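Let chain A serve as the given structure and place chain B on it in line with the hints.
Line by line, the protein sequences are chains A and B. In this text, residue positions in the first sequence follow the working numbering: the first is 1, and each later residue adds one. In this text, residue positions in the second sequence follow the working numbering: the first is 1001, and each later residue adds one.
Hints in this document: simulated from the structure, not taken from any laboratory. There may be inaccurate statements among the hints.
To be verified - So, partial list: chain A residues that the calculated Cβ filter (under 8 Å) puts toward chain B:
| no. | residue |
| --- | --- |
| 1 | Tyr397 |
| 2 | Arg399 |
| 3 | Ser400 |
| 4 | Arg401 |
| 5 | Asp404 |
| 6 | Glu405 |
| 7 | Ala415 |
Said to hold, decoys possible - Derived Cβ-Cβ restraints for the label pairs, each shown as a range:
| no. | chain 1 | residue 1 | chain 2 | residue 2 | range |
| --- | --- | --- | --- | --- | --- |
| 8 | A | Asp378 | B | Met1120 | 40 to 46 Å |
| 9 | A | Asn435 | B | Met1117 | 22 to 28 Å |
| 10 | B | Tyr1088 | A | Ala376 | 44 to 50 Å |
| 11 | A | Arg84 | B | Lys1138 | 44 to 50 Å |
| 12 | B | Asp1136 | A | Asn435 | 29 to 35 Å |
| 13 | B | Asn1038 | A | Arg55 | 39 to 45 Å |
| 14 | A | Asn435 | B | Ser1149 | 32 to 38 Å |
| 15 | B | Glu1239 | A | Arg443 | 34 to 40 Å |
| 16 | A | Ala406 | B | Met1120 | 23 to 29 Å |
| 17 | B | Asp1179 | A | Asp350 | 38 to 44 Å |
| 18 | A | Glu439 | B | Met1117 | 22 to 28 Å |
These numbers come from a predicted model, not from an experiment. Glycine included, each C-beta is placed from N, C-alpha and C at the ideal position.
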Amino acid sequence: MGILKVATATQGLQNYAESFGGFEKAAASRELSWLRKLRQDGFARFSETGFPTLRDEDWRFTNVSAIAQTPFRLVRNGDSLPSRKDLDPFRIAGVGCQLVFVDGRFAPALSSLGQMPAGVTVSSLARQLARDPGALEPHLGHYLNLQRDAFGALNTAFLEDGGYVHIAKGLVVEAPISLLFVSTAHDFPTVNHPRNLIVAEEHSQVTIVEDYVSLGGGEALCNTVTELVARDRTVVSHYMIEREHEKSFNVSTLRIQQGRASDVASHSVLVGGALVRNNVHPVLAGEGAECLINGLFIGNGRQHLDNYMLVEHASPHCSSRQFYNGILDGHAHGVFHGRIIVHKDAQKTDAKQTNRNLLLSDSAQIDTKPQLEIYADDVKCTHGATIGQMDESALFYLRSRGIDEASARRLLLVAFASECLDRMKEGPVRTHLENLVHEHALRLAGASHESARQEQIA
Amino acid sequence: MSLLEIKNLKVRVEDREILKGINLTLNAGEVHSIMGPNGSGKSTLAQVLARRENYQVTGGEVLFNGKDLLAMKPEEAACEGLFLAFQYPVEIPGISNAYFLRSALNAIRKYRGEDEMDAMDFLPMLREKLKLLEMDDKLLNRSVNEAFSGGEKKRNEILQMAVLEPKLAILDETDSGLDIDALRIVAQGVNAMRSPERAMLVVTHYQRLLNYIVPDQVHVLVEGRIVRSGGPELALELEDQGYAAIESIARGASPA
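Okay, chain A solo, but in the shape it has when bound (with noise of 0.2 Å):
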């Protein structure tokens, strides 16, 4: 058995191989010799580690082997774009523009640009490296480390599209920019690595919002990686909505790099997808720089949920907030892996961790790991985690001033929620978040209302 499944292993590499000889050939700007090498490193990375085993500490609680056992293809031509109506329940109202992203490709047709400031650009990341490469290649792969992480080179050596946001210094961008990805069905498994940059310059502000869904029920492999440069004493608030269908795989990364005293918040919404792994990894470089990493995630069937955080503390009077908290039901599995290190020179760095979670079913599961590795002598961490079942006696109570079962449960889910809703800032962005986690917990309200009622009956 060990055997066959090292001959799996190495044919599904093999299978890469092959895909990244015909990408090569024909990907958007090969003729940069810069991204070439980029490419090449990232593929030769990844093909040195293969996908990451239980063994592996950073991802011991989340098995891949169904990922690395599909032979997922790339698909080339969009030859069948869905179509705008197809996209109006992932329309946020009130953002100022959205691009569109069908199985990884800008499709301008789908999106609307609306009238963004003077000094914004916002643009896909394949047009701005035809138009302005210079501007690209300071920053693309310069902060992601291929090292640590597998998923990240194999998104690096596919690195063709996504979205591109440049904010000028002193900007302030009110109304948020939505980059929607939308992953369709196709009679193979499909796979798609979408690479973001966004760069804020000096004393801007911006809210960017990461959407990911897909259309039909195909198989399909969503495998993305942002960079995010927060310039000195910007503000910036980052969104990464995953609601894909259940037989979606999302692996996301958000590197964030954060200048001095910059503000940025990280707030992410787990709701879809069979298997997802969220790595949040801000490196909080300038001195007295903040991040919030705020993440609610809700699963059930068989839904795996793995959210994993690096903060790295490098420069002193630094602050760090994490805040995740979980609703599983039926056989969910959640993870919460949050690592902070405090580098030597970080002193006076504030780091703060906490998950709450709620399992619904008997069935469900939560892993929780803290992890700090402090190396500077005059800093405060803390941490904390707690797991519980629904609160029965506040059932009661709710039920007792006449609020039916189902509706009892779902305000005491929501209230569970709002914690980390109450953390964004009010806007457009929260209320569709609200309205989707309200019609999340009322989905779950009824369902795990059923079950108990059938448990009650055997």
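Below, chain B without anything else, positioned relative to chain A:
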């Protein structure tokens, strides 16, 4: 027709019989008190009437407004007009007091086929009730009972009762943990709600509350049975003599 008729009610929790045949009739407009020592089954009776599910009813029946109360879910009992003021009100983080109250009121109105009340009409009504209980407006925006003092929690129960306007209110040791000032305010709130259409069942260990909420009848519950019933003077007698005398009589009378 009586508002509440309890006939030979028997209740178990796990292997222990807690209520061993309770008979009690309550008419609209009446206030009855149930007194008894710790562990006599007072709170069990209150919780069973409010339809908490962890109790096993092994015999008897309860009619509320002529309907089978024991067949109702907690929310149905509430919508039919039953209200329990909890001995230990539950803290619910993340749901504001005002939102909770409006959700409850609207659930009940919907059940009765009435229009739901919007925030514009609801808030002024709520503020009026707050004044009656000398409660701070700020408590409305705070999470339900979260970090409330003991007195605030009990007042919050009576506030809910004032908003929901039940036909039958069961007060489960609403006096416990209250200082005399808070007790007066709570009693004032309760008395303001006495009416010919409404009945109340006041469960208490001590007689003091009954100085402020004067009952029409007092029942003494000992070891799962009502051993004596009488007028308000019975409460004073108990205060004088304690439960010991009545307990020993009850024990003597019950088959071992």
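Taking the hints in turn, this is what the structure says about them:
no.	hint	result
1	Tyr397	holds (4 Å)
2	Arg399	holds (4 Å)
3	Ser400	holds (5 Å)
4	Arg401	holds (4 Å)
5	Asp404	holds (5 Å)
6	Glu405	holds (7 Å)
7	Ala415	holds (3 Å)
8	A:Asp378 with B:Met1120: 40 to 46 Å	violated (54 Å)
9	A:Asn435 with B:Met1117: 22 to 28 Å	holds (23 Å)
10	B:Tyr1088 with A:Ala376: 44 to 50 Å	holds (46 Å)
11	A:Arg84 with B:Lys1138: 44 to 50 Å	holds (48 Å)
12	B:Asp1136 with A:Asn435: 29 to 35 Å	holds (32 Å)
13	B:Asn1038 with A:Arg55: 39 to 45 Å	violated (58 Å)
14	A:Asn435 with B:Ser1149: 32 to 38 Å	holds (36 Å)
15	B:Glu1239 with A:Arg443: 34 to 40 Å	violated (55 Å)
16	A:Ala406 with B:Met1120: 23 to 29 Å	holds (27 Å)
17	B:Asp1179 with A:Asp350: 38 to 44 Å	holds (41 Å)
18	A:Glu439 with B:Met1117: 22 to 28 Å	holds (25 Å)
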